[in-house]
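Could you slot chain B with the ligands onto chain A? The hints should help.
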Amino acid sequence: MKSVITIAKRELTGYFASPVAFVFIVIFLMLSGFFSFMVSGFFERGQASLESFFAWHPWLYLFLVPAVGMRMWSEERRLGTLELLLTMPVTPWQAILGKFIAAWAVVALALGLTFPMWLTVNYLGNPDHGVILAGYLGSFLMGGAYLAITAMTSAMTRNQVVAFIVSVVLSLFLILAGYPPVTNMLVHWASPSLVDGIAAFSVMTHFESIQKGVLDSRDILYFLSVIVFSLFTTGVIVRTHRAG
Amino acid sequence: MIQVRNLKKTFGPKVAVSGVSFKVEKGEVLGFLGPNGAGKSTTMRMITGFIPPTDGEAIIGGFNIVEHPIEAKRLMGYLPENAPSYADMTVLGFLSFTAELRGLSGAAQKKAVERVVEMCFLENVLHQSVETLSKGYRHRTCFAQSIIHDPEVLILDEPTDGLDPNQKHEVRTLIRKMGETKAIIFSTHILEEVEAVCSRAIIIDRGSIVANGTPAELKRRSAQAGAITLRLGSGSAKAVAAKLDALSGVEHTMILSETPLAVRAFPRKQTASDDLARAISEIAMKEQWSILELHTEEGRLDEVFRTITLPDTKVSGKETK
Ligand SMILES: Nc1ncnc2c1ncn2[C@@H]1O[C@H](COP(=O)(O)OP(=O)(O)O)[C@@H](O)[C@H]1O
Ligand SMILES: [Mg+2]
Numbered sequence: 336m337k338s339v340i341t342i343a344k345r346e347l348t349g350y351f352a353s354p355v356a357f358v359f360i361v362i363f364l365m366l367s368g369f370f371s372f373m374v375s376g377f378f379e380r381g382q383a384s385l386e387s388f389f390a391w392h393p394w395l396y397l398f399l400v401p402a403v404g405m406r407m408w409s410e411e412r413r414l415g416t417l418e419l420l421l422t423m424p425v426t427p428w429q430a431i432l433g434k435f436i437a438a439w440a441v442v443a444l445a446l447g448l449t450f451p452m453w454l455t456v457n458y459l460g461n462p463d464h465g466v467i468l469a470g471y472l473g474s475f476l477m478g479g480a481y482l483a484i485t486a487m488t489s490a491m492t493r494n495q496v497v498a499f500i501v502s503v504v505l506s507l508f509l510i511l512a513g514y515p516p517v518t519n520m521l522v523h524w525a526s527p528s529l530v531d532g533i534a535a536f537s538v539m540t541h542f543e544s545i546q547k548g549v550l551d552s553r554d555i556l557y558f559l560s561v562i563v564f565s566l567f568t569t570g571v572i573v574r575t576h577r578a579g
Numbered sequence: 013m014i015q016v017r018n019l020k021k022t023f024g025p026k027v028a029v030s031g032v033s034f035k036v037e038k039g040e041v042l043g044f045l046g047p048n049g050a051g052k053s054t055t056m057r058m059i060t061g062f063i064p065p066t067d068g069e070a071i072i073g074g075f076n077i078v079e080h081p082i083e084a085k086r087l088m089g090y091l092p093e094n095a096p097s098y099a100d101m102t103v104l105g106f107l108s109f110t111a112e113l114r115g116l117s118g119a120a121q122k123k124a125v126e127r128v129v130e131m132c133f134l135e136n137v138l139h140q141s142v143e144t145l146s147k148g149y150r151h152r153t154c155f156a157q158s159i160i161h162d163p164e165v166l167i168l169d170e171p172t173d174g175l176d177p178n179q180k181h182e183v184r185t186l187i188r189k190m191g192e193t194k195a196i197i198f199s200t201h202i203l204e205e206v207e208a209v210c211s212r213a214i215i216i217d218r219g220s221i222v223a224n225g226t227p228a229e230l231k232r233r234s235a236q237a238g239a240i241t242l243r244l245g246s247g248s249a250k251a252v253a254a255k256l257d258a259l260s261g262v263e264h265t266m267i268l269s270e271t272p273l274a275v276r277a278f279p280r281k282q283t284a285s286d287d288l289a290r291a292i293s294e295i296a297m298k299e300q301w302s303i304l305e306l307h308t309e310e311g312r313l314d315e316v317f318r319t320i321t322l323p324d325t326k327v328s329g330k331e332t333k
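Protein sequence lines correspond, in order, to chains A and B. Using our numbering, the first residue of the first sequence is number 336, and each one after it goes up by one. Using our numbering, the first residue of the second sequence is number 13, and each one after it goes up by one.
Careful, some of the hints might be misleading.
Unchecked claim - To spell it out: a stretch of chain B is covered by chain A in this simulated footprint if at least three of its residues, at any positions, have a beta carbon under 8 Å from a beta carbon of chain A; those stretches are:
{"hint": "1", "region": "105-117"}
{"hint": "2", "region": "245-254"}
As the list claims (entries may be wrong) - Using C-beta positions, here's what the derived DEER-type ranges look like:
{"hint": "3", "chain 1": "A", "residue 1": "VAL358", "chain 2": "B", "residue 2": "VAL78", "range": "39 to 49 Å"}
{"hint": "4", "chain 1": "A", "residue 1": "ALA352", "chain 2": "B", "residue 2": "GLY118", "range": "15 to 25 Å"}
{"hint": "5", "chain 1": "B", "residue 1": "HIS201", "chain 2": "A", "residue 2": "THR575", "range": "27 to 37 Å"}
Keep in mind that the hints were calculated from the coordinates and are not lab data. Note that CB positions come from ideal geometry on N, CA and C, so glycine has one too.
In isolation and in its complexed conformation, chain A is listed as follows (with noise of 0.2 Å):
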């Protein structure tokens, strides 16, 4: 555990030596801001809620959590840095786990300065906190998902950039699978039974009832089991392909 602790301090000034922490926090605020108000009518809608804050974290989070993840391992081989880290006395899950941990606590630190819309909420009206908890828990576990499969496909490159897409592409796939423009769509072709069988795999589905205050131990299960298995792969990643 304790070496756990020293790679994830390792990553975390990593993060902050390097405009990555502070861009992703930075462009993830204004981006949220811009989106709820401009974009949704935060305030035209009238609602002490922050449903329409929410609603675009699956898309911002697209995007953003791949470009904070997508150093985590290819940086690693670039520099060639894996060569010492693995000849540590530490074990790679020690590795996976330190890393994957600071890349969270950057995401949930983006997350956490959200905290005005909070009280811009609660000055508007008597907004519900166990709903707003139960969204902010379910954003900071879809971050985690996405982050998992960037640790993943991080793992698998020595080149950023392709980490980079390639988790955006897996991670637009999970949104997808579930988003109702799509689903309705695929209902033409298939059986219902199949399209709702796909949209369990997808994020949006388990977001989404997160979000209404439902905290079901199996949405939870979903994100916490996208996390173990990416970064279980991770793991298998990172023993079989150390050199090259």
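Frame of chain A; chain B with the ligands shown alone:
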């Protein structure tokens, strides 16, 4: 301390290392020689646990690197080829990080960092970020990382690569000194380095060990080892060579140059070179040659290296009978 048994690595159809075995004890510095692509780095990567061997095993201080990687890695320091380090960290940050991963904390960590900073002359760049360092400093930073926990086993892949002559000298001195108490393997393609630092050397070519011995033993395998070189102030080289050829102990002679006169005589048996030297000095006295130099060739490592790593184009037949 280090025991390597029949280590093998294939990348797809390509055999990078084919069955390498050797042992290194504490107090030994083993030089790993070989042309580029011979498999030196691949062997080291298997010993340090970066890549798993296709076959065979490496045992570090009793721990098999595949079965007990953590215990084995604790005993080892490793400087990978090209000395990688985290570009975005400062030298101090990087060394503290590696010390922490090695389980050092608090005062012990501070002391360890101070020790290697002094040993590797890094005081001036302590707070500079690694990416802004010159190659020599970057190399020494990574080298410092490898000895931060004062390991019993040290694996160095081309530790003097990219250093200037002064830095090379410092690093060699350091390796030799540490070799008194540690088991060290280092790879190089600089032959003089092997003579300066190693207690033993292995020559590896196309994935296999082709020679293993002390630098002196290896040099003796050279064609000119044991030959007597004679340099005279005056006289005719041809006549001198003819005189030497007439000696019973001489196999053949070779004229190195006419003016200044230099002739080399090869003994029939390498072990008989002292007798030959005696015989030559007797003739010289009798003939009243003015001797500028008379010495026994130790043999040259680069010649040995060339002959055994390129068996198809063996250099021979230059000598004149
Ligand atoms: N990851 C890899 N994939 C494929 N071939 C490799 C890989 N690493 C090394 N090789 C090959 O193995 C051989 C030995 O390489 P290496 O151990 O780096 O040699 P050296 O360090 O002695 O110069 C080379 O022919 C090299 O091309
Ligand atoms: Mg090499």
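CB-CB spacing for B:VAL78 and A:VAL358 relative to the 39 to 49 Å hint: 42 Å, holds
Supplied distance hint 15 to 25 Å, evaluated on CB atoms of A:ALA352 and B:GLY118: Given about 24 Å between the Cβ atoms, the range holds.
Whether chain A covers the region 245-254 of chain B (at least 3 residues having a Cβ closer than 8 Å to its Cβ atoms): Violated: only 0 residues of the region 245-254 of chain B have a Cβ under 8 Å from chain A.
Three-residue Cβ test at 8 Å for the coverage of the region 105-117 of chain B by chain A: Since 7 is at least three, the answer is holds.
B:HIS201 paired with A:THR575, Cβ distance criterion 27 to 37 Å: 31 Å, holds
Taken one by one, the earlier hints fail for this structure only at number 2.
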